[in-house]
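Protein chains: 2
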Amino acid sequence: MPDPCVDVLIASYLEQDLVERIAGCDPRIRVSYAPELLPLPRWHSDHVGVPRELTAGEHDRWTSMLRTADVMFDFDWRHPERTLEQSPKLKWIQATSAGAGQLIDKFGLSRAPLTVTTAAGVHADPLAEFALAGILHFARGLPRLIAARQSRTWRKQETTELAGRHALIVGAGKIGSRTAELLRCFSVTAGGVARNPRPAGAPFDSMTTTDRIAEHLPTADILVISCALTDDTRGLIGRRELAALPDGALVVNLGRGPIIDEDALAEALSTGRLDGAVLDVTSTEPLREDSPLWTADNVILSPHSAANVPSENGKVVDLFVENLGRFLSGDAALLNEFDFDAGY
Amino acid sequence: MPDPCVDVLIASYLEQDLVERIAGCDPRIRVSYAPELLPLPRWHSDHVGVPRELTAGEHDRWTSMLRTADVMFDFDWRHPERTLEQSPKLKWIQATSAGAGQLIDKFGLSRAPLTVTTAAGVHADPLAEFALAGILHFARGLPRLIAARQSRTWRKQETTELAGRHALIVGAGKIGSRTAELLRCFSVTAGGVARNPRPAGAPFDSMTTTDRIAEHLPTADILVISCALTDDTRGLIGRRELAALPDGALVVNLGRGPIIDEDALAEALSTGRLDGAVLDVTSTEPLREDSPLWTADNVILSPHSAANVPSENGKVVDLFVENLGRFLSGDAALLNEFDFDAGY
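Going down the list, the protein sequences come from chains X and L. Per UniProt numbering, residue 1 is the first one in the first sequence, and the count goes up by one each step. Per UniProt numbering, residue 1 is the first one in the second sequence, and the count goes up by one each step.
Check each hint, because a few of them may be wrong.
Facing chain X, a subset of chain L residues (Cβ under 8 Å, in silico) [to be verified]:
(1) 60
(2) 61
(3) 63
(4) 64
(5) 133
(6) 145
(7) 147
(8) 152
(9) 156
(10) 298
(11) 300
(12) 301
Think about it this way: if two alpha-carbon atoms lie no more than 35 Å apart in a straight line, the pair counts; the simulated DSBU-like pairs of lysine-lysine are [claimed, not checked]:
(13) X/91 x L/156
(14) L/91 x L/106
(15) L/106 x L/315
(16) X/106 x L/174
(17) L/91 x X/156
(18) L/91 x L/174
(19) L/106 x X/156
(20) X/174 x X/315
(21) L/91 x X/174
(22) X/174 x X/91
(23) L/315 x L/91
(24) X/89 x X/315
(25) X/156 x X/315
(26) L/106 x L/156
(27) L/174 x L/315
(28) L/89 x L/174
(29) L/106 x L/89
(30) L/315 x X/315
(31) L/315 x X/156
(32) L/315 x L/156
(33) X/156 x X/89
(34) X/156 x L/174
(35) X/91 x X/106
(36) X/91 x X/315
(37) X/156 x X/174
(38) X/174 x L/156
(39) X/106 x X/174
The hints are simulated quantities; they were obtained by calculation from the structure and are not laboratory data. Cβ atoms here follow ideal geometry from the backbone N, Cα and C, with glycine treated the same way.
Taking the hints into account, I'd like the entire structure generated from these sequences.
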């Protein structure tokens with residue numbers, strides 16, 4: 001008796017060689033991929049893209065592809081909130097983002113009889129790179145060097161260094177760990193903050209739990225937010241927490257905007273109490289028009305694009321192919337399974 | 001019979017605790033230190049400082065300190081070219097800079113019956129940090145992010161990354177090696193260029209010699225100059241060499257300005273052929289007033305200050321104390337002995 005086929009629907013744009021890698025990884029896999037029915041990517045590895053108007057015929061084709069899918073690579077771009085009715089056979093969705101919690105809530109998939117795996121880890125390298133680019137920018141006084149060049153000033157002087165500082169990293173997952181690893185290359189010590197107690201160990205010199213964060217803020221020359229947005233982390237870094245940081249501290253947000261009180265942050269930056277902020281995310285995105293962050297010269301602001309690197313799709317597909325093998329053999333848990341209770 | 005005393009003259013400003021470390025490292029050492037006779041440092045670890053007018057009495061005191069010195073920490077700030085006559089007992093000078101070649105020529109000390117040790121290595125950490133700050137600045141598109149914030153533009157888009165690039169590092173000494181080490185943390189491969197053949201090995205993925213550099217330029221996404229200025233390296237990176245680099249390459253100079261043809265570099269930057277330059281040194285210092293580099297937005301320009309970090313004096317004294325131990329015991333060669341033939 002032949003093995004049953006597994007219908008894999010690729011629901012966001014992928015390069016052809018990556019589609020072929022998925023199709024070729026097991027003879028039981030039957031890949032459905034119709035890029036002409038998907039949003040047009042605005043860059044390599046854009047998983048949102050510009051939505052298309054589908055004709056009635058195209059609509060029917062997409063609907064029938066959804067109906068037969070056992071596995072989806074990314075969520076349905078049209079009506080994700082109807083996933084359960086549209087795709088009755090669906091067992092598993094491989095998301096293409098690390099922080100899928102908000103999507104899953106929005107799509108009404110919480111506690112669905114469905115496995116969702118996230119792309120956690122895929123973005124660790126580019127996000128940690130961005131963090132270091134921003135941290136070094138301020139730690140090495142690049143704003144001053146740029147201003148001096150523009151005003152044609154040559155003045156030899158003392159410069160500050162990154163080595164010897166201490167970082168507190170809230171969220172000791174893959175993004176936080178990779179950031180800690182890079183910081184340690186520069187002789188920066190890293191304390192990790194996790195939801196549940198765990199022993200210290202590379203790349204973290206020490207570990208604490210989220211509820212004890214207040215004790216550790218006064219020594220955090222660099223505060224890195226790399227956790228998921230949950231009920232526990234929303235507003236975690238408020239006015240009081242920012243005030244507890246040492247003078248001249250740097251704040252990095254790689255997680256989600258609402259984890260930090262953005263008004264309090266903007267204030268501490270404008271008075272010079274904090275040296276700089278490195279933000280890939282903001283409370284509302286796009287950043288609201290009247291935000292003082294637009295004019296803050298000590299802010300590096302990225303429009304939630306720091307992980308949008310050309311290598312992203314290849315890494316998501318690496319993860320997906322590994323997970324497909326596990327899914328088909330059934331003898332190992334899928335990597336990055338979304339935990340509906342924890343919310344990440 | 002008691003051991004003879006060794007008269008150590010500290011000839012540039014040092015913090016008191018560091019002076020005491022030197023004085024305390026061996027009972028035979030007699031330290032002379034009169035900060036009131038030395039140039040006033042403009043920052044921590046400034047070894048040039050603002051010269052003082054000495055009274056006749058002060059002049060005599062300084063002259064007699066020079067006369068009895070067996071060892072000097074830094075060169076005489078007043079008449080280094082008269083060192084041999086002023087300090088007839090002098091056997092060794094510990095310099096406080098890594099590139100002492102030009103000073104030694106200027107002071108007429110070449111082939112003097114004198115040992116000079118450099119501070120090579122002391123500046124490796126801060127210079128490599130500066131290199132990475134500048135490389136990440138361009139590799140991660142920070143100029144575009146800064147401009148977008150200033151024009152209040154939020155546009156999600158693809159971003160470039162550092163990982164996966166290749167660097168060619170001309171000068172595989174301590175500064176080049178530390179830069180390679182940091183680049184490798186970011187998954188950048190590093191080829192090293194040395195004067196004489198040597199086997200590849202961490203932190204270099206490959207090694208070549210200075211005369212074969214042309215073969216390696218076309219694959220150098222990042223060109224780092226971290227060698228000494230000698231007859232062999234003056235003008236080493238000319239117009240032709242810059243033209244051989246790939247489009248969008250980055251150029252970093254941590255060595256000395258005259259190693260690169262600065263006009264050709266400015267031209268390649270202004271046309272956008274090269275993505276950016278990260279310069280701690282320029283052909284003439286201060287940079288000449290009509291240099292196009294002042295207005296080049298893709299240049300990070302440091303006024304030869306990237307190594308001027310507060311931790312510098314402590315590291316030079318670590319080295320000096322180690323060398324004093326070797327000098328007194330006589331059973332090991334001094335570290336960083338200046339090679340008058342090689343010129344570094």
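Here is what the structure says about each hint:
1. 60: For residue 60 of chain L, the interface hint is violated, since the closest Cβ of chain X sits about 31 Å away, which is over 8 Å.
2. 61: violated, 29 Å
3. 63: violated, 29 Å
4. 64: violated, 32 Å
5. 133: holds, 4 Å
6. 145: holds, 6 Å
7. 147: Given a least distance of 11 Å, the restraint on residue 147 of chain L is violated.
8. 152: holds, 5 Å
9. 156: Constraint on residue 156 of chain L satisfied, holds at 5 Å.
10. 298: violated, 11 Å
11. 300: holds, 6 Å
12. 301: Because about 5 Å separates residue 301 of chain L from the closest Cβ in chain X, which is inside the 8 Å limit, the hint holds.
13. X/91 x L/156: Holds, because 32 Å separates the two Cα atoms, which is no more than 35 Å.
14. L/91 x L/106: holds, 19 Å
15. L/106 x L/315: holds, 26 Å
16. X/106 x L/174: Not OK: residue 106 of chain X and residue 174 of chain L at ~54 Å, beyond 35 Å, violated.
17. L/91 x X/156: Holds: residue 91 of chain L and residue 156 of chain X sit about 32 Å apart, inside 35 Å.
18. L/91 x L/174: Answer holds: residue 91 of chain L to residue 174 of chain L is near 26 Å, not above 35 Å.
19. L/106 x X/156: holds, 21 Å
20. X/174 x X/315: Holds, because 14 Å separates the two Cα atoms, which is no more than 35 Å.
21. L/91 x X/174: Given that 35 Å is the threshold and the Cα spacing comes to 56 Å, the pair is violated.
22. X/174 x X/91: OK: residue 174 of chain X and residue 91 of chain X at ~26 Å, within 35 Å.
23. L/315 x L/91: With Cα atoms ~22 Å apart, residue 315 of chain L and residue 91 of chain L stay inside 35 Å; holds.
24. X/89 x X/315: holds, 27 Å
25. X/156 x X/315: Answer violated: residue 156 of chain X to residue 315 of chain X is near 45 Å, above 35 Å.
26. L/106 x L/156: violated, 55 Å
27. L/174 x L/315: Roughly 14 Å separates the two Cα atoms, so the pair holds.
28. L/89 x L/174: Holds - the C-alpha atoms of residue 174 of chain L and residue 89 of chain L are around 32 Å apart, at most 35 Å.
29. L/106 x L/89: holds, 21 Å
30. L/315 x X/315: violated, 42 Å
31. L/315 x X/156: holds, 20 Å
32. L/315 x L/156: Status violated; Cα separation ~45 Å.
33. X/156 x X/89: With Cα atoms ~68 Å apart, residue 156 of chain X and residue 89 of chain X exceed 35 Å; violated.
34. X/156 x L/174: holds, 23 Å
35. X/91 x X/106: Holds. Residue 91 of chain X to residue 106 of chain X sits at ~19 Å (cutoff 35 Å).
36. X/91 x X/315: holds, 22 Å
37. X/156 x X/174: violated, 40 Å
38. X/174 x L/156: Measuring from Cα to Cα gives roughly 23 Å; hence the hint holds.
39. X/106 x X/174: holds, 24 Å
Hint violations for this structure: numbers 1, 2, 3, 4, 7, 10, 16, 21, 25, 26, 30, 32, 33 and 37, all remaining hints satisfied.
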